[in-house]
Every structure is written in structure tokens, then in C-alpha cells.
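Asker: Read off the chains here:
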Amino acid sequence: MPKNKTVFEECDVLVVGGGMAGTGATFEARHWGRDLKIICVEKANIDRSGAVAQGLYAINCYMGMQWGENQPEDHVRYARNDLMGLVREDLGYDMARHVDSTVHMFDEWGLPMMKNKETGRYQREGKWQIMIHGESYKPIVAEAAKKSADKIYNRIMITHLLKDESKQNRIAGAVGFNMRTGDYHVFKAKTVIVAAGGASHIFKPRAVGEGMGRTWYAPWSNGSAYALPIAAGAKMTQMENRIVLCRFKDGYGPVGAYFLHLKTYTQNANGENYEKKWYEATKKLVGEYIDHHPVPTCLRNHAFIQEVAAGGGPIHMVTKEAFQDPHLETVGWENFLGMTVGQAVVWASQNIDPKYTNPELTTSEPYVMGSHATCSGAWVSGPEDIAPSEYFWGYNRMTTIEGLFGAGDTVGGSAHKFSSGSFTEGRLAAKAAVKYIQDKKANGIEVTDKQYNNLKEVIYKPMENYTVGRNEITGGTVSPSYISPIQGLQRLQKIMDEYCGGITNNYMTNDNLLKKGLEQLGLLQEDLENVGAEDYHQLMRAWELKHRALTSQCVTEHTLFREETRWPGYYYRGDHMKLDDDNWHCLTTSERNPETGKFSMEKQPVYHIVDEKDKKKAS
Amino acid sequence: MSTFVYMTRCDGCGHCVDICPSDIMHIDETIRRAKNIEPNFCWECYSCVKACPNHAIDVRGYADFAPMGHSVRVRREEEKGTISWRIKFRNGTEKNFVSPITTKPWGKFIPKLAEKDKPNQGEINSQILYNEPHGLNTDKDLPTLNKDSFKKGVYY
Amino acid sequence: MNILSSNPFSILAETVPPVAMQAFVFLMLAFVVFGTLLDIIHKKNVKYFFNNAKKAKKFATRELSSGEKFAIVSKTVAYDIGTTSELGAGKRRIAHLLGMYGTILFWVGSVVMVFCYSSVDAETPRLWPMIWHAGALMTVLGGSWFWFFLRVDVYSEAQPWYRIIKADLFVLALIATSLTGLIWSYLQNLELGDRWDDKVFLVLFVISNFVLFGGVYWSKFAHMFYKPGAAIQKNLAEADGSRDNLPPPADAPEQFGLGIKREAPKHY
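Taken in sequence, the protein lines are chains Z, S and F.
When we follow this note's numbering, the leftmost residue of the first sequence carries the number 1, and every step to the right adds one.
When we follow this note's numbering, the leftmost residue of the second sequence carries the number 1, and every step to the right adds one.
When we follow this note's numbering, the leftmost residue of the third sequence carries the number 1, and every step to the right adds one.
Because the hints were derived from the structure by calculation, they are not lab data.
These numbers were taken from a predicted model, which means no experiment stands behind them.
Treat the hints with care, since some could be wrong.
[Unchecked claim] DSSO-like cross-link-like pairs, simulated, lysine-lysine; straight-line CA separation at most 30 Å:
| no. | chain 1 | residue 1 | chain 2 | residue 2 |
| --- | --- | --- | --- | --- |
| 1 | Z | Lys37 | S | Lys88 |
| 2 | Z | Lys603 | S | Lys147 |
| 3 | F | Lys166 | S | Lys88 |
| 4 | S | Lys152 | Z | Lys188 |
| 5 | S | Lys35 | F | Lys44 |
| 6 | Z | Lys147 | S | Lys108 |
| 7 | S | Lys152 | Z | Lys578 |
| 8 | F | Lys199 | S | Lys35 |
| 9 | S | Lys104 | Z | Lys151 |
| 10 | S | Lys147 | Z | Lys441 |
| 11 | S | Lys35 | Z | Lys5 |
[To be verified] Per label pair, the in silico range of CB-to-CB distance:
| no. | chain 1 | residue 1 | chain 2 | residue 2 | range |
| --- | --- | --- | --- | --- | --- |
| 12 | F | Lys44 | Z | Asp535 | 27 to 37 Å |
| 13 | Z | Ser481 | F | Val73 | 53 to 63 Å |
| 14 | S | Thr103 | F | Phe225 | 43 to 53 Å |
| 15 | F | Trp161 | Z | Val478 | 34 to 44 Å |
Ideal Cβ positions, reconstructed from N, Cα and C, are used throughout, including at glycine.
Only chain Z is shown next, with the shape it has when bound in the complex (with noise of 0.2 Å):
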């Protein structure tokens, strides 16, 4: 194997990640930072990376203050109330301020926003949600991002970030590898912005052939945007809090148009409205949760996984009113058709015509991301106007290492900011990464050759495994010495599936449980030092399995921390079966220390935006 060269970068901000989170932080990054060197790194192709790739048919989140629709707070409300009550609100408040002027942007830029046809307004689907065309959301925003750095690269996955010897905590830049070339990419930054995916593919999907490309998040988002953070001792928060989603079958098409603008209903398999019927045994589980509005989305989650297992199913969505309407009719194929394809080829290849046929949901596996009704992510200082003491030290964004920055994905506590809210977060740790800049708080960053000469032995080595190996047997794919990415890919999601409350347990699982399988995760961790990768691209897979497997044993010591079921719907503790206000109405958040490898938990208060009248206090 001929050596890697070694390519050099310095730089002021890198930026980790194109996706929508980085191009917002790219972008903003040049205002503030006129003559600073600005760097993105994209794993894929900047113009059609991420999460968006295929676009998208509606901006989640928007206020509309300009019409008086909706002011920040109404927005952490409903995010608090969505995420039964755990957020960060400072985080929340702060970016809801900011993303209409974000959203207004993207319109000036060439975005084809729907617009109501009374009004002029944007056209609302929901009351946070505008309908757009955004089949090429992605290309737009990323020339904007191209605009202002000074380099983009493509085809480079970081694999770690970097760390300074000269002070203690403090971030230095990152390192990776191009995965055409084959280089190795040492990027020495005085800040960094990890804005990179969050984590689909660590539980077992329901389909697991070809099927296994649909999942509901996209398949390249490894969890980077974890494992960056958690392998250089950020602290994490939320972890547990893992998404489920209720979409189409198969195709995991979306349903926020469907139920918003189409107005269509679930109902069971007799076309009985099954949601009532769970409403006593919900209210058992979590108390006044249930009675909130609109219902929180693990809630009605719950009710449809009941109603399942209970023998109703399958769950249709009732469309064959809604589809008489031509106009209703076309919402409902360009949605998916903008943001979704494969729902449409499902579709297609089973001859369902929601006029005539009431397509089946399901519930998906699970996903830990941040950007959604969910918050997984790195803990962050909020906003230094608004944020409470605990929250805040020093700079909008930055994780617990210094200079460290996120946005997007990798931000926890801060729900429901979408592809908008993203960007808008990715353009606020710009702005604070440039600050930290001209404070001279990155000044004197020192990194050895020894450190980034460690990590290109540590990053290559799949492919000396594979090709020292290989000598051993005399073809296909079963080794004693190593394993293929994908093999290790498998045994991670089975894992995580039967032993951390994946779909065969019905998101069920336990103390026991969880002991075991991070008995399974330590196992499987050592394994990873044999993973043998073939070429290239190989080797890229083979580091989005390190990524999910760190993230999904930060994953499971979260989920064996919080002694409480907070969120039935997207999983549940069998052995404590209730919402505990008293105990647990905190976020949690642990800390790995990248020398043992030993996780530490603790949990952080919760602030709540109160107004005068406060409706319930308890602790």
C-alpha cells in the first residue's frame, strides 16, 4: 500500500459538516469574520449532502412575527410541551428570534415559498410549518456557503477532532481522510464547528435487505456529530431522548402535510379512531401530559404502538376523502415527490392510490438526532442575554471545550428547529466562534506532529487489517481477524435493537437489559480495532461504524441513567413504567473520558419561560 500523503490546512473556522447546519454556519461565519480563513469539510458533495438531499416540501419552522402568526415563546412552549417538558429553552428562545430573517433570506435567494393566495402570506401547513418547492433547498443554500469560504472540500469524512497541548481543554482543529485520493487531511483550526449528522443506522431497521437504504433519517448520517464530541470529552446531554417516527410504511414517507393541510385521520384496521381508547392507560404513565395541546408526539406514538400490539392493525391513514380534491390530490404526491421519493415509488410498485386505498403507517425504528421532535446532542452555553447562569460560560454554541463549537444535529436540548432552525443555529455558533476569535481566546493553539501522526496510524488502520488478513484465507467474506464494516453495522443495530428498546422489544427495555447490552457495546468496541476495509470507500464505512458505535454506547449509559419512562412512544423503562416529575424532570448529561473510556453521568436543571400566572410548580 503506497503511503498517504499528508495535506496541511490552517485556518480560523472549520466548519465539520455541509449539510444545512454547516452552510448556515459557513456562511454567517464571513460577516463577522471578514478576514478570517473559513473552512468547510463535507464528507459527500456539498450541493446535495445531508439530510436534504432530496429536498424538502415544507420549512418546519418558521414564526411569521412579521404577521403577528407566532412570537419565540409560543415556539418553546410547544417544543417544551412536545418533549414532555425537557428542553433548553434559552436555546430554543434563541433560535426561534432568529430564523424568520433565515427563512426570509432563503426566499430573497430563490427558494420557491407557496404562498396563500388571500393572504400573500406564506402558505401555513401548520402553525409552525410554510409550504415551499424545495426540491433544490440544498444546492441553494450550499452556493451561499460557497460564497463565503475560502475552501470548501468534498469527499473528506473527519474522523476526530484535535486537541491542544498547550492548554488543557481547549479544541485545535480536526483531522480526516479524502476518500478518492486517499489523503490524509490535517486541519489545524482556532475554532471548530461540528455540524455534521446525527445518528439513523444504530438500531436494526425494519428492513434489512436493499430496504435497509430507507431508512427515515439519511443513511450516510452516522452520528459525527456525536462521536466528535463525545471521543474528545465534551459533555453530552439527552441522549436517551431517541426518536420514533410514525410515517408511511415502507417508504417512511412524511405525514405533516397529510395531517395538516390534507386534514386526513388515522384510524385503526376496523376504522375505529384507536387514539380515545389509550387515553386512561396514557394518563397512568405520564399524568397531565396527556391532556396538553397539541398532544405531544411520543404520546400519540404510544397510542398507535398500543393499539398495534394490541392486534388493531394495521394503522391506515384515512385519504381517500382528501384525494378527491385534484388540488389535495397533488399536495399529497409532490410532498413526497420533494422530499421523500422513495414513498412515491412504494406507492407506485403497490398500486395504492390514496383516493381509492387508505395507506398503512407504521412506526420506525429509532434515531438520535437533534434538529427534530427530539434532542440529542452536546451540551452548549446558550445566548449571554438570556440564558441562566448553569447555561452559560462565555459563547453562544460552545460545547464544554473550548472553542469547540455545534450546530444543527450535534446541539442538544434545543428541539424542533428543522432544516430552518439548523441553518439559523449554525449562523449563531458562527458568530460566537468569531467572537471567540477576536477575543484572542484561540490564540497560541499548539499541536505536535505526534498527535496527528497517532491519529493517521489509528485512521488507516482498517486497511492494514484488511490487507494483512486477507493473506489468511482464500476468499469471501468471513475472517477470524476481521470484520467488514458492514458486519460490525449488523451487530450494532441487533444489539442496540434487542437490548436498548429497538422495535423487536417494542422500544421496551430495562435496567438489566441495558447492563447487558453495554456489556454487548464493550465487546463490539473492541472488535472495532479489527475492522478490515477494503478500499477507501470501505474505510469510510468502516469510520461511520466507529461513530455509531461510540454514539450508541453514549446512547445506552443514557437510557440506563434516567430511571423513568419520560417519553412512552419512543421508548420505555419496564422496570420504571411512569413519569417522574419528582425525581426527573431534568436533562442528563455525561462526560466520557477519553483515556478510560468511562462514562459520568449527572443531571442539570430545567428553566422554564414562566409568565406571570404559572400554571403547576413542583420542585
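With chain Z fixed as given, assemble chains S and F onto it according to the hints.
Answerer: Just chains S and F, lined up with the frame of chain Z:
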């Protein structure tokens, strides 16, 4: 699922290799044309299908759950700012849709921030982002809250 | 410039009988026919092609008259095939055109000179050797440009230029025949007598022709026949509305310029 490439149409231009977010479109060594090397990591995002100048790439729904005989094909026309879809069911039902993909010439109204006015120190020290508070369209300042409005504890 | 107008085959006729050269040409032709037929029979690709065309016809929205079909076929031959329009605007198309027309000139020039002007005392009109040499030169230029810079596995996948794969058999053999032919012609003209390199490139020229024409079953040679067929089928399908299940072009003005497609497929 996944994507597959028509032998008669592919001429080995590399656009699909370049764009695929999953890095699964690569060049076959026998015929120097594109193919999908890892269908189980294909999201059916259609990025490659749209990027192909010869419409050489098509999609066959995931074998796990999609019966055969369907077709969902697309024509993305950047100069017209349109995307056109033709859906054919296994039973022959056909649906066609055309949508806009941009309202402005590509890139023309996306600013190069390096050329815009520099922010002053007040703006740097404040909470506003680029193009704010003007870009909020509210004729008001950026909303903020009193730190006292945050209370620790259980509140609904 | 002497070299460009001297017929290498008539010089060769001093040692090799013209009838042997002509037999060689027939042998190469036989290789092509045999290799292509073997490919067709073994892979059943022509059967697939016609089955597919029949299936597509079911989705035609209109019937094409024989006049329309003739016009479409002619336009396809003249434009799609004649200008390699499939490759769009840019270097790949230019390199392909250089190589394609270079090869055509080279082969036509070879056949004409071998069959009409291959005796020792032949009076070859200057045109034919010039066409022969020009064709070979164009093929070497177009082919090498493609080989070093434009192959998609090199350009978009960052493979090194010296990596050889099965798909390279055709283009390498083509460059080899033209390059060795040129060098042979040049050295032959110098009348080196019994010097060691007098016959080497002739031998290499013969071998590379064997590889090029003998390798038809394993290389992309036969695609030269399949691709034009595919282009004709595609244009007919566009005209009769079946369009390979693609939606029709949108009825909208071209006003927005290019977006992602502005850039070349190399972003690493």
C-alpha cells in the same frame, strides 16, 4: 432500492459519482460506466438520477417491499427552473407533476458577504445576525427576554 | 513532409506480398464480425434490445410515419452519432471526435492503400497517405488525451492514470495501433536496412492490430455498433411519446441559467 444505470444510455461522464451523498455510484471496471455498488445504502434521493445528463439512471424500488413493474422518472431542468415527474404504477396508472425549483436565476441573488458592509462593534457585541433586525421584517428590534422569566422547576 | 505523403504499404510491398497484406485486412474484419456475433449470441443483447423496443412501443402516444422515422434516423446518424452529441459540450466530446474521425480516416486510408496502391511501383495519390498519417495522429492525440486526463475513473474517482482496467483494452489497443503505425511508417521511410529497429514497429503494429480486432469479444469495441443503435432507439422513443417513461420537457422558458450543472463532475 435503488438506482441502476441503463447500459445503452450511460457514457461515463461521472456526474453521478461526483454528486452521490452516499458515495455509492462508482465506475464499473469492465465497461467504464456507472453502477450502484451498495444498494442497501441508497436512500432513493434521486440526486444521481437528476444529475445524469443522459437520463441514464433510474430507480427500482427496494426489493424487500416493492413489487416490480413500476417507474418513477424525473426530468430536472435547471434553465427552466422546473422539475417534472412521471409516476407509473404497476397497474398502469400514470401521474404527472411539474414543480418549480427556483424563483431566481441560480446564485444571482445569493450575496457574497465579503463584499457587503462590515458590521460595527455594536453589532458584533449584540445578539443580531447578518441582515438583522431588518431581515426579520418586523420593524422592531430582535426579541429578547428578561433572565428572570426563566424559572427552575416543573412548569407546564 | 515526405513521410506524410509516402505510402508505407507500397514500401512494405518490397518484402511482403500485397496479397498477404490484403489477407490480413480480411482477417481483421473477420475477427470483428466473429467477435461481435459471439458477443451478441452469448449475451443475447440484441434480443434484449428488440424486446425492449417492443415494450416501449406500447407506451407510444403516436404512430410515426416511415418518412418521420427516416428523418429521425438520418438526423441521429448525422448529428448524434456524427458529432457524438451524447457527450455534451466539452473536452470529452472533442477528444472522442478526434479519436473517432482519426480512426475512420486511418482505417479507410489503410484499406484503400492496401487494396489499390500496395504494389511496389504504385503511384499513390498524395491524398491517401496524408489521410492515413493524419488519421493516426488524430487517434493518438484524442486517445492519449482521453487516457491521461479524461477517463472518468481518473477524473471523478481519482484513480491514477497508470491504472489499467479491462475497460481500457479498446482505447489502449487503438492508441497502440495508431502510434506503432506512425512510428513504423517513419522508421521505414528512413531506410534503415538491417538496423535492429527497422522491423520492430511493424511487428508491434501487427500485434496491436491483433489485440484490437481479436479482443472484440472482451473489449468495448462492439459498443461502437451498439451505441448508434441505442441513439436511434432513443430518438424514436422521444418522437413517438414513449420516451423511456421519462416525463416530457417542461413547457417553460429557459430563464434561470445553470445551477449545479455549471460545474464539472470533480469535487474532491
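Asker: Looking only at beta-carbon atoms, does the pair Ser481 of chain Z, Val73 of chain F fall within the given range of 53 to 63 Å?
Answerer: Holds - the Cβ-Cβ distance for Ser481 of chain Z and Val73 of chain F, about 60 Å, lies within 53 to 63 Å.
Asker: With a cut-off of 30 Å on the C-alpha distance, tell me whether Lys104 of chain S and Lys151 of chain Z pass.
Answerer: Given pair Lys104 of chain S, Lys151 of chain Z holds - Cα atoms ~25 Å apart, limit 30 Å.
Asker: With a cut-off of 30 Å on the C-alpha distance, tell me whether Lys199 of chain F and Lys35 of chain S pass.
Answerer: Not OK: Lys199 of chain F and Lys35 of chain S at ~44 Å, beyond 30 Å, violated.
Asker: Could you grab the alpha-carbon distance between Lys152 of chain S and Lys188 of chain Z and see if it respects the 30 Å cut-off?
Answerer: Violated, at about 40 Å.
Asker: Hint check: Lys147 of chain S vs Lys441 of chain Z, CA-CA at most 30 Å. Holds or violated?
Answerer: OK: Lys147 of chain S and Lys441 of chain Z at ~26 Å, within 30 Å.
Asker: Assess, step by step, whether the Cα of Lys603 of chain Z is no farther than 30 Å from the Cα of Lys147 of chain S, and give holds or violated.
Answerer: Answer holds: Lys603 of chain Z to Lys147 of chain S is near 22 Å, not above 30 Å.
Asker: Given the hint that Lys35 of chain S pairs with Lys44 of chain F, does the C-alpha gap stay at or below 30 Å?
Answerer: holds, 21 Å
Asker: Is it true that the C-beta distance of Thr103 of chain S to Phe225 of chain F lies inside 43 to 53 Å, as the hint says?
Answerer: holds, 46 Å
Asker: Regarding the pair Lys37 of chain Z and Lys88 of chain S, is the alpha-carbon distance no greater than 30 Å?
Answerer: violated, 50 Å
Asker: Starting from Lys35 of chain S, check that the Cα of Lys5 of chain Z is at most 30 Å away, please.
Answerer: It holds: about 29 Å lies between the C-alpha atoms, which stays within 30 Å.
Asker: Between Lys147 of chain Z and Lys108 of chain S, does the CA-CA distance stay at or below 30 Å?
Answerer: holds, 11 Å
Asker: Return holds or violated for the Cβ distance of Trp161 of chain F and Val478 of chain Z against the range 34 to 44 Å.
Answerer: The hinted range 34 to 44 Å holds for Trp161 of chain F and Val478 of chain Z, with Cβ atoms some 36 Å apart.
Figure legend: structure checked against the earlier numbered hints; hints not met, in rising order: 1, 3, 4, 8.
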